[in-house]
Structure formats: structure tokens, C-alpha cells
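Protein chains: 2
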Amino acid sequence: VSCHATKPNMLNVHLVPHTHDDVGWLKTVDQYYYGDRNDIQHAGVQYILDSVVDQLLKNPDRRFIYVETAFFYRWWKQQSSSMQQTVKQLVNEGRLEFVNGGWCMSDEATTHYSAVIDQMTMGLRFLNETFGPCGRPRVAWHIDPFGHAREHASMFAQMGYDGFFFGRLDYQDRARRMVKREQELLWRASNSLTPPMADLFTGILPNGYNPPEGFCWDQSCDDPPIRDDPDLEDYNVDDVVKRFLTIANSQAMVYKTNHIIMTMGSDFQYENANLWYKNLDKLIRYVNGQQANGSKVNVLYSTPSCYLQELHRANLTWALKTDDFFPYADDAHDFWTGYFTSRPALKRYERISNSNLQTCNQLEILGGPVSRKGYLFMLSLSEKAMAVAQHHDAVSGTEKQHVANDYARRLANGWQHCQVLVSNSLTALSGSSAKRIYCDNLNISVCPLTESSKKFSVNVYNPLARPVAWPVRLPVNGTSYVVSDAEGKSVVPVSTSTRDVRRNRGFAVNELLFQVQAPPLGFTTYSVSLLQDGPPPASTQHRTPTAIQNKVLLQYNASDGNNKESNQPSGAYIFRPNSSTPFIISKTAKTESIQTPVVQEVRQWFAPWVSQVVRLYGDSRALELEWTVGPLPIDDDLGKEVITRLDTSIKTSEYFYTDSNGREMLQRKKDFRPTWNLSQSEPIAGNYYPINSRAFIKDDVDQLTVVTDRSQGGGSLQNGSLEIMLHRRLLYDDVRGVGEPLNESSGVFPEGLVVRGCLRLSLDRPPSAADAHRPLAQQVVLQPHSIFSGLQAALPPAVHLLTLTQWDKDSVLLRLEHQFQSQESKVNSHPVTVNLSLLSLNLGVLFNFITFKEKDKRTLKNDRTVRGKAKMTTKVLKKMAKTL
Amino acid sequence: VSCHATKPNMLNVHLVPHTHDDVGWLKTVDQYYYGDRNDIQHAGVQYILDSVVDQLLKNPDRRFIYVETAFFYRWWKQQSSSMQQTVKQLVNEGRLEFVNGGWCMSDEATTHYSAVIDQMTMGLRFLNETFGPCGRPRVAWHIDPFGHAREHASMFAQMGYDGFFFGRLDYQDRARRMVKREQELLWRASNSLTPPMADLFTGILPNGYNPPEGFCWDQSCDDPPIRDDPDLEDYNVDDVVKRFLTIANSQAMVYKTNHIIMTMGSDFQYENANLWYKNLDKLIRYVNGQQANGSKVNVLYSTPSCYLQELHRANLTWALKTDDFFPYADDAHDFWTGYFTSRPALKRYERISNSNLQTCNQLEILGGPVSRKGYLFMLSLSEKAMAVAQHHDAVSGTEKQHVANDYARRLANGWQHCQVLVSNSLTALSGSSAKRIYCDNLNISVCPLTESSKKFSVNVYNPLARPVAWPVRLPVNGTSYVVSDAEGKSVVPVSTSTRDVRRNRGFAVNELLFQVQAPPLGFTTYSVSLLQDGPPPASTQHRTPTAIQNKVLLQYNASDGNNKESNQPSGAYIFRPNSSTPFIISKTAKTESIQTPVVQEVRQWFAPWVSQVVRLYGDSRALELEWTVGPLPIDDDLGKEVITRLDTSIKTSEYFYTDSNGREMLQRKKDFRPTWNLSQSEPIAGNYYPINSRAFIKDDVDQLTVVTDRSQGGGSLQNGSLEIMLHRRLLYDDVRGVGEPLNESSGVFPEGLVVRGCLRLSLDRPPSAADAHRPLAQQVVLQPHSIFSGLQAALPPAVHLLTLTQWDKDSVLLRLEHQFQSQESKVNSHPVTVNLSLLSLNLGVLFNFITFKEKDKRTLKNDRTVRGKAKMTTKVLKKMAKTL
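From first to last, the protein sequence lines stand for chains D and E.
Residues in the first sequence are numbered consecutively from 1, following the UniProt record's numbering.
Residues in the second sequence are numbered consecutively from 1, following the UniProt record's numbering.
Think of the hints as simulated: they come from the structure by calculation, not from any bench.
Misleading hints may appear alongside valid ones.
Since copy identity is lost for identical chains, a pair holds within one copy or between any two.
Dumping the calculated BS3-like pairs for lysine-lysine here, alpha-carbon to alpha-carbon at most 27 Å [claimed, not checked]:
1. K77 <-> K282
2. K58 <-> K77
3. K88 <-> K58
4. K282 <-> K58
5. K256 <-> K242
6. K7 <-> K296
7. K489 <-> K435
Okay, chain D solo, but in the shape it has when bound:
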């Protein structure tokens, strides 16, 4: 109803005024909001929203779309109620339209679906509660992310979006689609869900997300304004109209209908919206004025949903797409596959922060209202920090160093706040008001409490809905300890010396290891006491350096841009090795091995800056590869990109498999794209794909699955081989805007960043591999923390408790997920019945909230996220089902 009329016998040009407001990139999200540090980049979102609202009011024909709720929310809070009323009116009249509407525009290559759902919920919920149905975004709008994940499309379809628009895709793919008029297509985004459940109309925008050349009228642009004063020498209306008609007609040649869309805006534009609208008003007037002279072009203010509506009316059949849009290349030697791995420490911190946040949310509910005394329950610091971290220049690693620091600081602050809540909750649940100590530096083997105490207790909370066994490693200075569980039963601990272990940053001389068993959605407590005269630490067998047979750790030297094919260097976005053959970092290694009842460990030192521990736990079939890499040496003036390569005898026939945002798996093939005839110009970088949680290679007999602890890039370049990039350090900016080399050598790491991570390898028969890797991956994502049984019984293996969080004062939000893809597991891929009454026994509150068709039971189908909320009317529930 709020869409402008179009003309059926003309070419209708939909002008979409918009701004693209990165939730952090060259500046922090706060700096962007206020317009601080304009010396770095001129951008101030508060002024954009001020200005756009002003200008919309000046002419009811004008339209605007807004995308990033993180910014809009902040602006909204500062408005007077009369201004809020005005904005509501604009929204109700369709003059201001929200698109996408998540807290941010998430990255698609390096995010986990769990955090993406959370950030979308935050944004959409705010819009829904503030504006009701008229505020509901109808289209998803990912105009900037550097490649597009199928799982994102699947989520958007399930959230009820009518369509999806984006700007970036492989240049070869774009060229082919232009010729075949397939820039608008139907994306079937799941091979588990029954069509059309995950079908999503997808449109590729004509100029990325920029205006056509010569028509940028923002204050940041230099294109000539429309000079329509005939008294002036440089009257240019005729020229502008002519140029516009040429562009519109050319664009119409590569799209199917008599409607085309033009994005009139770009990064942080519309800070002074008058410039844009004044000239767009004139453009529309003068171009449409030509209709009297026989012109067949009709220009109008529009929005993506109005454009989509016209495409829908065209009633055409669109090309079908079932794979994804990775990797993204904008030229022959310019593959955006570096950011799959960029800033590995930030990527890990984002992942562990998600686990922290879920723990925090769950304990808030388990502990009841006392948990949150003094803290707001919704839009907490921690949730906001996680939401902005999903931005496509956040966890992606493509932001400036100071901005990366800001994201990490936000996550840390969020966790600080959470700790208060967790302590309150544990006090309520356990009845013990002992002071809770948090050791946030265990990743560098530092914990003042365990290092200095002779007796301490460890609470372990398990945010998974099934029991978990988990190794706990603590830095200690004693040699022998007694560990007992909550019932006083003794647990076998192992104490190993760390004296020679150069990779640790702390001062503890030993490491104490023991396996804990934690109940589903609950906590348990272990007591640790120093033995005065215990045995010495587990002995290690030192070996002299030997040649390593399986060359697992290698490095690429980065292209520095001085290259005859192209001057593209490797950088934060782009991966471009200067040779297709990686170098073995060292052919020999110093090695140590330890055999204990709990774990068998082989420690390998390849160089002062590369080491690895290979572990096999007694009670687990998975092999752990703990890598420690850095600071990468750069004294040869070459950037480095370090990979681990697993060479096997599996006959892969050039196929391998990677996950999409941690959920469904996609098949990859070397030098191949499912939808077009690839001309491969970068044999390594052009075969890299994002790995969010796992990758595998397989043949009929064996499947090797690698579960990662963060998003990484990887590829399979030889038969039986799987390589994963671990760390990168680069000396040149790769000319995509960030303006910094990805060097990570500032602040506390002047010599360069050291990163540690863990790959978990599982070798299985292909038909049962998923039964191992699905729970394993969830266990890595939601790793144990701290404590109380909220479940009488565990959920079935197929069902993952994705979210349990306070929704509002009187209700909580529970998300249950079928975590197995169709057919990947004989045991677990089937529909499963959940007895929801199980949940209710200890969680009376929760029981009331789940309102499904069947009172207490619900059959979860594969790969479907179910949602529920208590005390909501059916109407609200329906709306939620579409937006959440």
C-alpha cells in the first residue's frame, strides 16, 4: 500500500535511498555512532538518522530503508517522545522501512548460527516491540558481506523473510549471470528441509550497493549535482537525464523484468540527506518529464520490498541455486579467503564468549530472580557485545586493530557483568555464598588461585542438555594433588611439568589435569588438595630431534603485491600466497611424550614459534591437536600464513566437505564450482572455503572429521589431504579499505601475536561419523563452565538445547534444535520425540512457557528450530515464528 505506483508499459527504475552503517570497521561502533574520530573516516550515525527523518518529512514521496538495529536502537533511546511518534508515523506509512533488521549485518563466513540467531532476535525483537507489524523487515539485506553462506539463506527463509538481496559475488559468476539474466534467482538453502521451507528469493544488486556511476550525491561524493538554474552557465539537466537513461537501459538488459533497482547510497551516507534527496527529487522530476517526449523510463522512490513485490507480480520462474556463494573473488588473483582465518585469537574469543553468554543466560533462569539483582535482564552488555561481534567486519577479522581491541574489550566487559550474575545464581542454587573466583586467563595457563592455593574447589557448569566429560587443566605449583568429585569420590589427576614448555606465559611450573563429568544443564563441584609428599609429576620421555614423517605444520609466504600477474598482496581480506607450494616449517622437531592413565600426550617443538601437542584421552575416541603458533617471524620481510595439513590415505577424488555456519555440510571440489565453469587462477586461495565448526574428507570406508574451536579457512588440495589455516601475519594492506596490514603486533604483543587452538580429529565409518562429530562440535561450542542440575534426564542426542534465556520479566525463551542433517546419521537423522514434561520437573517456570500444539510432546523434525514462549497470545506467537 505504501509502494509508489509503477507503469506497466515502461521500464520502472526503483531508486532505493539507503545507508550502509558498519557496526565497527575503521572505527569502533561507538565512534561510528557519535561521529568521533572523523580523522579516520568521516561517519556519524546519530546525524544520519537525524537527517533522514528530517528529509523524509519534507516530501511524502521520499523513502528510506534502515538496516542496523544496533545503531537505530541507540538513536531511538535518545529521541523525545514526539520525535518517536513522528518516526512511528513514517514507519506506519512505509516511508521509513526496516530491512534485514538484525542487530548488525552479520558476517557469513566466520559466524556460528547460534550467535547469528541471537543477534537477529535482538534486532527484530526491538523492532517488533517498538513498531509492531509495520516495523517488520520483509527482506534480508546483506549487501556487503564477502560471500554468502547457504545456512544464512536457510535461516532467513525460516525467519519468514520474503527475499534476500546482496551485493558481492564471484566476478565470473556475476558475468555469467548477467549474460543469462540470472542475477535474480531462487535459493534452495537446505538439503534437509522440505521445499519450500528453506527456499528464498535472492537478488543480486547491480552496483554492489553503490549508486550507478556519476549519480552519487552524498556529501562524501564528488559527482556533479543537478544544476537546474537556467541562469547558470553550467546548467546540466539535459546531460544528467541522458546519462541516467543510458545507464537504466543498460541495466535493464541484464535483468529479467521491466523493473530494475538502484541502490542510492553507500557506506555511512545520508549524514546530510538533503544533498541526496534534493538531487533525487530533481532526477525523478526531469527523467519522468521526458515521458511527455516519448521516453519509456519511469523513475520512482522505492524500497527493496516494493521492488520485490513487483518482481513477484511478474510471475516468472527464477533460476534455482542449491550451493553457496563461497569463495568470493572480485578479480582473477583476488580471492577473499584470507578473512576465513584472519585474527584467529579474536575468532576464538568470540566463540568462547558465546559459550559464556549461553551459560550466563541459562544460569539466570536456573538461579531465578536473585541472579540478576542489580542488572537488567535484557539487552545485557554481554548480549550486545556478542551481537556486534557478529558484524561482517568484526569476527571476520577485517577491522582495524584498535577496533578489534574494542570488540574484545566489549566481550570481556560483557563477561565481567555475567560473572556477577553467575555468582548470584550459583549462590542461590548451591546455598553456598563462597566468593566465586573466575580464571579468565586459563588459555595462557594463568590462574592466581590454583597457582597459589593448597586447597580449592572447582565448580563446573555444563550448558549442554546432556552429560559431558571434559578435561580440566589448571596451572599449579605443587607436584601432587588429590581431586574428588561432589560425592567425595576420588578422581585420577595427572600433574605434568611445564618447566620446558615455552608456550605458556605464566609462572606455574606444573599443570594439573583431571576429567570432569558434568550433568546436563547443571553444575558439579570438584575439590582439589595439595598432597604434601605425593609422587613427582608424570615423567616425560624426551627424544632427540627426529625427522617428522607426517609434515603437519607448514607455511605459505604471502604475496607482497609485486607480481607480474597482479599487484594484489595477501591481507586481512585476501589470501594470496606467493607460491602454490607451502614450506615445511621444520623437518625435525624436539619431542616429548607422556603416558598417563588419563591421557597420552606427544609434545612437539618445530621452531621457537611453532609447537603442537597431540593428545588421546582414555575415554574419548577423538584425537586432540593443540597447536601454538606465533609470533610469526617476519624478519625476512615476508608475511606468513601457517597451515596444518592432514595427509591421509583416504581416496577423496578431490572432494571434501565443510560446514555452513556450524550446521549443514556442503560438498566442495577442487577447482570446481557447482553453478559455473570455473576458470581457476589461484590454485590455493581459490580452493579455500570457510570452516566454522568442522570439515571432513571421506571415501567409502573412512571419514576423517576435524572439529575446530573457531572459524578457520581450509581446503583439500591433494587427494586424501585436508589443510586448515591457523594463523596469519601480513605486512601489506590488501587495498579493500581497512588500510592496515594484518600484523597484530601492537599493545601487549609487540613481537606479534601468539595463538593457541585445538583441532579435534575423529576417524569414523562414514555412516556413523555424524553421531560423533555432531555432539563433539556442540561440546566445543558450548563448553563446560560452572554448576546445578536443571534437567532430570538428558535430551535425546538429536536434540540440542540451543537457547535458554530470559525473554522478559515473566517468561523465558527456549530453543530446541534437531542438530542432525538429513541422512547423515542412521541413528540420529530421524525425527525425534521430546517429552517436554522432563524439562518441567525442576524448571516449573519453563514448563508454562512451552506452548506447542501437543501439550507436552513435540516431534522435532530434522534441522528445524522450534520456538516457544509462554503466556503469549497465538497472534504474537505467529508473528514471532516469522521473525525469529
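Based on these hints, arrange chain E on the given structure of chain D.
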């Protein structure tokens, strides 16, 4: 009434939001208005006015001042009547205040008072007719011009301004005034007018015209915005308030009252006024919020006139100033004395265009309504072109080359339009509808008509109100001509060969010279016919090169910035020779002399790029020095600044005299400033002053006056010596913003510009010198053009008819001026009586318009401009008297 209340026991800080909109500089005036070519400089005045009006409406406390009517006028024309009504309301409520209000903010060093009055009239008249009394500017506001002329202050005082504010003055002067608290002063701007007729309160602004450091909130600035969201990490309100209080208190130390002014704006700022006002609103709120905690600082939105009103209420006595503010230096080696001469060709073209315009205006009236068929009478192209040319980056020569070209093009277009009117008028006056041909290229000796015709007639119009004798020089190809005047009386012509005269650009082989006599405010006609067998051209006596005794033409080599004292190079603004001794261009010259009854001429060639003709006419006591200079050679990689130096035996005692904007004369002394103890650091550049129309040196016996044909810089560096800079060509930008070296080698002059000019020297007894130089200078300013007697008798010598122009449909504007300074002439410096009935005899229209107290007679006092307009009520007349 519209001024905000102040607090008597506090320091009141007047925040003055403003924009400084150059009427051309780095971009043309059209480009600035529309915001075109933002790649050169981001600036779009249309958006500034849009935005400011929007923002003023948002908060009635807010204030804004606007200055340049050239821009405001254009914007106003494009507004809807409801927007015009809104703006009127803002003006009436004092929320939008006009200051200065001329068409532009004129240059003070290189403008002639006649053109300045015209441009002020245009702007003020528009404001008066559009807004009435509330639109009347109360203060003059020359925040940017590079030094300040006493004659400008005198004009402002006579126009009725309450005060004057500016930003730039010599750094030593500023330092002294800060210590003595004399940055606010009383300027007694005339030694002819009886005080307080030319007394003007003058205020020097604290930060040029910029905001204090750290408080620039324009989109073009990078200062931190006020971040007042306490949820944010980087909340900075306390810091901002503290910094502001420190700055305000420091500023108060160097001013006299408990009121200080801060200019919150700068070049082309407020394009997005929201940024400024949003932060200023907060600043005022938070700073004044501190009053509750005992702060004694009160901040308010204000305007210069509100500030001035508070100063007036303080009832103090201000320091008195009687000299001027030239030259301006912003550091020890940075004297802005180069622009006195920069772009000498443009400076001449501006001056001759003024003459053209006056001729055009007069003939419009003399010819009556038929003159203007097809053309608007007011705000003509020509008047607008002249008005913008007065801007302080126009005739000053400090604009970019393409902008200089634009000013020249505008002047040429204006004259093209005028030619139609002049032709119409001559047809009406003479009864002959012969096609009129204009030879606009006589300056380069090109006129197709005279070069190719055997018989032609020359109309000569004299825009002066007294008869004039004037030499006419025409390029011809014949050797002998007969010339007769309107009554058929034969006139003696001289034809000279130009075959060897390298300085001429055309193809004509001879030059025809004859003296014309033109009646006051009228035209006459001369007929020219080729004689078939006449005598050959006047013979010339060639001489072999001889050493020149009086070394008249010299050059400075420009400092290139590589200098141990300072890295300041010579440039468009700044004059800085690399040595204090100028080089003699050539010690020998090729010389030619001609003796004719009309003129004696000596032609000198010093170098291929420097020549001079010395002329003495039979009927004139003045010696003419016609110089032709250029292209200045730069193959030695040194910029050049060419001067002519007149060395005499006059005992000057280091004094010399220069005019102020073509009117009163000021005494200058080497290495001396009347108001402070000068520490001289640039012995040449620091002794240069602007010469707008004349300079002289004298002792008790002799006075040598040099009348220039354009504005030039000059100085007297030795006893008896006077030097005038003719031309400059520089290879470095002088870092004051223009961003181009003053090379003038583009377009049709790839090898550099050739400039020709004329100095007219008059040697007299000092008491009678003015009787010669006053009429001579006016004759150069208003030089003869084309014809019909509008005056029965001439005006007395003391009275100059300054302006005669159509005012509106039913009336004309006549300005009569007493052109002699007090006491400079025994004969002419006295009051004089004009019989206005003389004017009426042939100009019935005019007679009705002059309404003085005495019906037909008026005593003109020295140096007073009288004004009159017919059919105006007394009230309107009074208002005019104040604003015109």
C-alpha cells in the same frame, strides 16, 4: 530584543554560529553554490542555507548569521513562497541575522572604492527590499581579507554600520594588542571627514574566524563530538566542559569586558548544520549546568550585533587607531604583500570592466528605455560579474587558475550583454542604426575592422562628467590616414610601424594614433580614411644598444622555501624574494625613438620578454610608461617578480604615500608602523603596501606621483626611490590554501602570461600635485568608450560623477563625490557648490530624482558621497542613507 539575556556577574561567552562562503576561490562561484567539483573542495552553499534554516527551526534559541548576498540571493530565488515566509519570520525574530550583507566580502588591498560601493549597494539593496529593516546588517564582517584598508572602514562608517569585525592582522600587532587588551578599538578612518563621521568600532576576533581548538563540530572537522550517553565507554562531557572553561577563561584575559565572542564556524561550514547545533546545544546545557556548582561562565547563542550591544553597554573608552592594517604578516617571513600584484592581467581587466559597466549604466539612462529592450535593467550580468570580482579571492589574484578564468569570463559575458545596450543607446541618441562593432582586443593590438577597412568611424564615449582628451591607438595596415572629428575638422594622426614591435600579438603592421576630445558624459565621432598615396609611417631613429642610466626594470628571484630562516616560498598571497637586492634585467637596451607632433616616444627592449615605451604627449604634462612584461623566464627554476623602480633626487626621508582603495592617501615609512614597535624581518616584502590608483614621493619642492591602471604592490626602499611590482610568476604554492603555484601558464598562454600596463607619472609642486593626479586617476579609472552629450556644462573639477545607473523602473541612482582629500589641494579641497539644474537640462529624467534639502543646489563637502533617489519617501531615504 532578539538577543539572549546575559549574566552581569559572569563571563558571558557569545557563540556565533556562522559560515564563511567565498564567492569563488578554489572553485567558481557556481560550483560553490551547487556543490559541484567537490573533488576540489567539499562545499555546497545551497545545502548550507537549506540546512541552517531547518536547524534554526528546531530550537528557537539557536542563532545564525549570513554574510554573502551573492549566494543568499540565488538561494532565495529558488525557494517556495512558504519557505520564503519562514525565512522572513526567522529574520524578523533575529534568529537569522545578516551581517556585512554586500554581494561579497570584498578584498581590501586591491579593490577600488567605486566598485566596492556598487557591490555593497547590490547586496544591501536586495536585503532591504526583501526583508526591510530587520534584514539590515548592523555590523560589517570582514573576517578573511588579508589586511584591512582604512577606506573600507570609512565606507562602512558612512554606510551606517555600528561596528566592524575582522580576523586577520599582523602577528606582532596582535601580540601587542592581546597584552594591552586592545583587540577592540575605535578606528578613525578618515582624516578628511569630521569625527565621528568615519569613526568605526572595530573588533578583532579571537581565533581568526574559526572556533577554539577542539570545538569544531562541522562535518569537515574531526574534533570529538559530545558523547553524553552514560552507557558509553567514551562519555566525555566532563572533559569537554573542562576544556571549554579553560579556553573561555584564557580568552577573557585578553579582552576588556566580561563578554567574549567565539566564532563557531569556518569556510563553507554548516552544510549539515545539525552536527554543529546538536553539539552546541549540549555544550551550552552542560557548561551552564556547572553554574549550579559555582561556575562563573555563561554560554549563549549570539550574533556579532548582540555581542556589540553588550560591549556598548560596558561604556568603555576604546583605543584609537588612525592608520590601516597593511601589510598583513602571519609570521616573521610571511608577508601577504604578493597578492597586491598577483594576476596583473585580471586586476587590469577588473578595472577596465568597471569602466565598461559605468559606461553601460550611464548610456542606459541617456538612451532611455529603448536601450534596454530585451534585457533586465537590474542585477545585470555585468553588475553581478563586477560584484563577484570584488571578492577577496577574486581581484586579489589568490584564486585557482580555473576560477580566475571564470571571473574573467563573467566580466566578458557582462560586457557582451552591455554591448547590446550600448548599441541600442547609441542608436537612440545618434539616430543612426549603423551596426556597432566592438574591438575588445585592442590591448593586444587586434581589431579586425580597423585592420581591414579603408574607411571607418570611431565613436568615443566619455563617462566622466568633464571633457577629456585621450589618445586612441588602432592597429592598421595602411601607412597614411585622414582623421576628422564630428564637425569635419581634421585631426592630426600619427602612423607608426609595428613591424619590429615584438610585443604585439596581432598581424597589423602599423599603429594609428590620434588624440580625441570627448564631451562630459557624452560621445563624439571621428572618421578615419585611408590615404592612397600618403606619406610613409613616422620614421624612427634606431640606436644601438646602450647602457641604461636609470635602471628602471628589475626583478626579484622568488624564495622557493628552502631557506634557513623559514620555508615560506613566494606565492599567490605572499611576497618573499630570496635576496633583498633586485637584479637589473639588462644593463643594455635596444632603443628606438619617434618624434611626432602628437607624441614623443622612446621604445626600449631590455630582453625578449621585457620592453617599455616612454611617451610624452604634446598636450599633457604626464609621462606615460607603457610596460610589457612576460612570459617571465623560469628555465632557471626560480620564480620571478618584476618591478619598475623610479629613482629620483627627491629627499623622501624614507616616507612615501599610497592611496587607500583609490581615495584618501596614507603616509608610509620604511621599517615603521604607526601603532607598534616593528621588528622588521623581511626588508623588502615587509615594506610593501597596496597601491590601488596612485603612489607618490615628495619633499618640500617636488612631488612625483605615479598613477597606476590597476592595483599593484609597491614600496620605497631607498631615499628618493619608488618601486612598483608589475608582474609575478612563481613555481611554488605558498601554503595558504590555494594549492597552486601562481604560474599563469595554462590555456592560451602555455609559455606564461604577457602583461602590458601603463604608469602615468606626474611631477608637480606638492601643493598642486593633487590637482593633477586626482582627475588623471579618475580618467584612468573611467576611461573613454563611446557617445552623446548628456551635460550642458561640466561639473566642477572637485566633483566626480561616481555612479549614474538605473535604480528601478522609474528612477535612476546618481552618486556625486568630492574627490579631493582635505588640504591636499589649495584649489580643489574646498567645499564646492553644484548647480544640479545643469544636470537637468538634457536629462529631464534625472532632474526629478535628485531630492536634496536645497531644491537645486547642494554643497558637497570634502570626501563625502552624496546619494539621492527620486520618488522615495523620507523614511526610505533615511534607511538608504544608512545602508548605501
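key: Hint numbers contradicted by this structure   = Hint check: nothing fails, all pass.
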